[in-house]
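Chemist: Given next are the chains, with one letter for each unit.
Number of protein chains: 4
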Amino acid sequence: DAPLALIAGPCQMESRAHALEMAEALQGIARRLGIGLVFKASYDKANRTSLAGARGIGMAGALAVFAEIRERLGLPVLTDVHEPGHCAPVAEAVDILQIPAFLCRQTDLLVAAAVTDRVVNIKKGQFLAPWDMKNVIAKVTGSGNPNVLATERGTSFGYNTLVTDMRGLPQMAAMGAPVIFDATHSVQQPGGLGGASGGQREFVPVLARAAVAVGVAGLFIETHEAPERAPSDGPNMVPLRDFPALIEDLMAFDALAKARRIVLPA
Amino acid sequence: DAPLALIAGPCQMESRAHALEMAEALQGIARRLGIGLVFKASYDKANRTSLAGARGIGMAGALAVFAEIRERLGLPVLTDVHEPGHCAPVAEAVDILQIPAFLCRQTDLLVAAAVTDRVVNIKKGQFLAPWDMKNVIAKVTGSGNPNVLATERGTSFGYNTLVTDMRGLPQMAAMGAPVIFDATHSVQQPGGLGGASGGQREFVPVLARAAVAVGVAGLFIETHEAPERAPSDGPNMVPLRDFPALIEDLMAFDALAKARRIVLPA
Amino acid sequence: DAPLALIAGPCQMESRAHALEMAEALQGIARRLGIGLVFKASYDKANRTSLAGARGIGMAGALAVFAEIRERLGLPVLTDVHEPGHCAPVAEAVDILQIPAFLCRQTDLLVAAAVTDRVVNIKKGQFLAPWDMKNVIAKVTGSGNPNVLATERGTSFGYNTLVTDMRGLPQMAAMGAPVIFDATHSVQQPGGLGGASGGQREFVPVLARAAVAVGVAGLFIETHEAPERAPSDGPNMVPLRDFPALIEDLMAFDALAKARRIVLPA
Amino acid sequence: DAPLALIAGPCQMESRAHALEMAEALQGIARRLGIGLVFKASYDKANRTSLAGARGIGMAGALAVFAEIRERLGLPVLTDVHEPGHCAPVAEAVDILQIPAFLCRQTDLLVAAAVTDRVVNIKKGQFLAPWDMKNVIAKVTGSGNPNVLATERGTSFGYNTLVTDMRGLPQMAAMGAPVIFDATHSVQQPGGLGGASGGQREFVPVLARAAVAVGVAGLFIETHEAPERAPSDGPNMVPLRDFPALIEDLMAFDALAKARRIVLPA
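Protein chains in written order, with this note's numbering: chain A, 1 to 266; chain B, 267 to 532; chain C, 533 to 798; chain D, 799 to 1064.
The hints are simulated quantities; they were obtained by calculation from the structure and are not laboratory data.
One or more hints might be untrue.
Stated by the list, open to error - Computed list of lysine to any residue pairs in SDA-like fashion (alpha-carbon distance at most 20 Å, straight line):
| # | chain 1 | residue 1 | chain 2 | residue 2 |
| --- | --- | --- | --- | --- |
| 1 | C | 790 | D | 843 |
| 2 | B | 311 | C | 616 |
| 3 | D | 1056 | D | 1000 |
| 4 | C | 790 | D | 890 |
| 5 | D | 1056 | C | 618 |
| 6 | D | 1056 | D | 843 |
| 7 | D | 1056 | C | 784 |
| 8 | D | 843 | A | 111 |
| 9 | A | 258 | A | 248 |
| 10 | C | 790 | C | 640 |
| 11 | A | 258 | A | 175 |
| 12 | D | 843 | A | 138 |
| 13 | D | 1056 | C | 566 |
| 14 | D | 1056 | C | 617 |
| 15 | B | 311 | C | 749 |
| 16 | D | 843 | A | 85 |
| 17 | C | 790 | D | 1047 |
| 18 | B | 524 | A | 175 |
| 19 | B | 311 | B | 492 |
| 20 | D | 1056 | C | 749 |
| 21 | B | 311 | C | 792 |
| 22 | B | 311 | C | 617 |
| 23 | A | 258 | B | 518 |
| 24 | C | 790 | C | 749 |
| 25 | B | 311 | C | 777 |
| 26 | A | 258 | B | 492 |
| 27 | D | 843 | A | 244 |
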């Protein structure tokens, strides 16, 4: 029943300066609004649509920046891991290890993340039913780590399209994992631009509000001061200037939803 | 920006006595809660899964009961029509003609409903994209009747399953028709019981709340004093005893949503 | 185990002259190839995407033409019906009454078609699983008419897209109804052109060949001497000049498939 | 236009003895039928539904067995890789590196496989459109390795269900990569048994025949002398005793399909 938490940041860690700037800006917004913030950035976009897609500044450089953000700003940070061997070093610099949706069935990666004892945020695969997440979560909890978050980010619906099934949110909550709604990737149009993925930024407030009203522990939203210049996920990132109003809106719905919780019959 | 309206009633008009009882009970609830009510019942379930499925009391009997409900209780009433020739006689007894989802592309039916000058509520076909409703609505408005409602009731998603795409609500609203969310049929599992359709009543509050938070003009919810005895749609009807709390909950979210409207960029 | 039969013709009955011309051309092709032919045309396109879409020459005019085709050419004919009241008059002029996919759950229409004692060809709704057709077929057979054909024409797959699940062909065959594959509407892109449906004519040979190899009783293929001028379904109709080679190809696969039948385990 | 090739073997390398026995049995069948054979087995099932699912004998042990099969039987072998670091050692023992469907967007894995200069067989993700494979294939060819196979294995269709879109086969062939149809995983029901995936073995001949008739370079079919005892994919593996008749059937359709190739218009 804790109030909504926020996982936010740019899609990629573009540079030390950019990451720090974004983290400070988001921290300012979160403080003004009174919402808990985890800073998110990816050090490597390992599954770009095309070989030519920019992939970020790499692990070594990024881990130093994450450490700096934690120390200077006191912000918890999250990043995604793509290979079992990356989990241990990344865990030294971040608070939450995120398992990408395409990789949510990779046992070795889940176990490697689990044994770091960091919180593990698992994105539900686009190819999974909500109830399939039970086995996925159990790969982490069964490895001795009870601190699992489950993130909804849309389900394959025909070609180049995702749909969000709001029924999945309470179904996953019933598994015991706090549920995060990823409003950025839920509006992605995978492969929709030919050589890159498209997106429908205008539906971020729509789906986020629906999810918050149903009831979620947190939101995952990527933002950028100039999405049209962002190296990835630009079409579905929310401009930073629109971010405070969006979050304020969602907090109002969260307050109501937390006062009136939906619990599925057992 | 008007507050939420409610279209409610049993799936079928089972008998005069049952319809009157339900209408009175629902009117009592609506008055206590301060919500506008349209009474809904079907005089003929024309597309049951099986030939043996009960189909209701028939048109002639039902129209007299609708007239009685309007007169005695002062309630507006809605029913669904299945053939062009039924539109004119039905229109004499009801306020809103509803076009079933499977029939939403039948031009003659839409035009026949339109020319009665009653309000026409079109259920979006399970096989349509939200934007496909533009042409459907235009069949009514292009026949000289501007009073069209568009109802979301789920989209085909694999076999025997529907999914609700909340993005469709503001997309249809942008077409100018007030949007209704049908929380009863959105949780239907078509054909899911072999000889009948299954349903997931427990997700009515989930999807209804999501839709109301996104913003809708009204809700369509079927209810019954004993859904397990209802001749159709029992698994997805809300028990009457749970109805007041459900509606009160949704009105709270509606108040917030109407104060903070989402409008898609043009 | 009978060899492949062919239901073919233009989408609409555009005029008496056009229908006769097409019927004669198709009869010539069928005779040369040695394949049984049923001539198909619609007298009314009752569910066009838009109100403005052309709908054909109407019932009265069309029935006379069907009668003329049967008499002069000795060809059996098929057309689709949209309202229960049309079944009896149409049955006097045609050999097979076809139930449109959107209407395949309309009990009154199925029963009215059944009691004419004509063969009834039911198109499987885009919103149905193959096994859902059992109840649909039973509405006809349970009305005393055992002569039912079941036609596959694609299943909703995301928005504006259909997919053909070849597993459905033997599943429907196991219900006892000869199975027809509609290669024209399976490649339709419903609503895909905004005000009209698009289509992928280039995939007609692909899907038809797959279906014939799996094993079907017949094919339904629309054709036109100039699809780009056809008033409906132009993008998915096969040009008449390509028709003989297409059918010859499919007959070769049918011969092999009929010699090596797939029967699902009971 | 080369005749059909066959990639076959058990799902897992269960033991040296079992792998050799299967390889010999399959080689005998392939010789009798006159079809080219690649032996397939997985040394690690890295994405089992549950943590408790058996995962095979591990990489080191398996590579020795693959080497033995190549040397003693002269059979080319294929196995799947899950991490970039595995590609080089695995490439020393096998002829074809296979990229699992869930991992088909992982750039590092694709590039690592590409630079081994072995043939790379990419399974199309359940979440991809056929045309999305163009970028995926280009990650390998753009790394200097032109020897890419593209394998169809079904697309997400609602929950716990896959559907095979036969249109994808010529679409992928038009990209220049020989297309393989995986008849085993196309009939998988992912997560369909709760703690494991279900399968519909009875549809292997149905979908394989459809694919071969449309035209493919090869088939991927898993088989086992006792699928009910197999540690994984039992419900969708074909019993070894049924394998010769199945392949013979498919070779008959392939001969016809190769004599009558479908080529999509450019």
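Chemist: Given the hint that residue 258/A pairs with residue 248/A, does the C-alpha gap stay at or below 20 Å?
Modeler: Holds - the C-alpha atoms of residue 248/A and residue 258/A are around 15 Å apart, at most 20 Å.
Chemist: Does residue 492/B lie within 20 Å of residue 258/A when you go C-alpha to C-alpha?
Modeler: Distance of about 30 Å is beyond 20 Å: violated.
Chemist: Below or equal to 20 Å on CA atoms is what counts here, so check residue 311/B against residue 777/C.
Modeler: The given pair, whose Cα atoms are some 47 Å apart, is violated under the 20 Å limit.
Chemist: Hint check: residue 843/D vs residue 111/A, CA-CA at most 20 Å. Holds or violated?
Modeler: 14 Å, holds
Chemist: CA of residue 258/A to CA of residue 175/A, is that 20 Å or under?
Modeler: Holds, because 18 Å separates the two Cα atoms, which is no more than 20 Å.
Chemist: For a C-alpha distance cap of 20 Å, please report whether residue 311/B and residue 616/C respect it.
Modeler: With a Cα-Cα distance of about 15 Å, the restraint between residue 311/B and residue 616/C holds, given a limit of 20 Å.
Chemist: Keeping to a limit of 20 Å between CA atoms, is the pair of residue 1056/D and residue 1000/D held or broken?
Modeler: 26 Å, violated
Chemist: Does the alpha-carbon distance linking residue 311/B and residue 617/C stay inside the 20 Å limit?
Modeler: Answer holds: residue 311/B to residue 617/C is near 18 Å, not above 20 Å.
Chemist: Hinted pair, alpha-carbon criterion (20 Å max): residue 790/C, residue 890/D. Please report holds or violated.
Modeler: With Cα atoms ~46 Å apart, residue 790/C and residue 890/D exceed 20 Å; violated.
Chemist: Assess, step by step, whether the Cα of residue 790/C is no farther than 20 Å from the Cα of residue 640/C, and give holds or violated.
Modeler: Answer violated: residue 790/C to residue 640/C is near 36 Å, above 20 Å.
Chemist: Do the alpha carbons of residue 1056/D and residue 617/C lie within 20 Å of each other, as the hint requires?
Modeler: Status violated; Cα separation ~50 Å.
Chemist: Holds or violated: residue 843/D with residue 244/A, Cα cutoff 20 Å?
Modeler: Measuring from Cα to Cα gives roughly 45 Å; hence the hint is violated.
In this structure, the hints that do not hold are numbers 1, 3, 4, 5, 6, 10, 13, 14, 15, 18, 20, 21, 25, 26, 27, in rising order.
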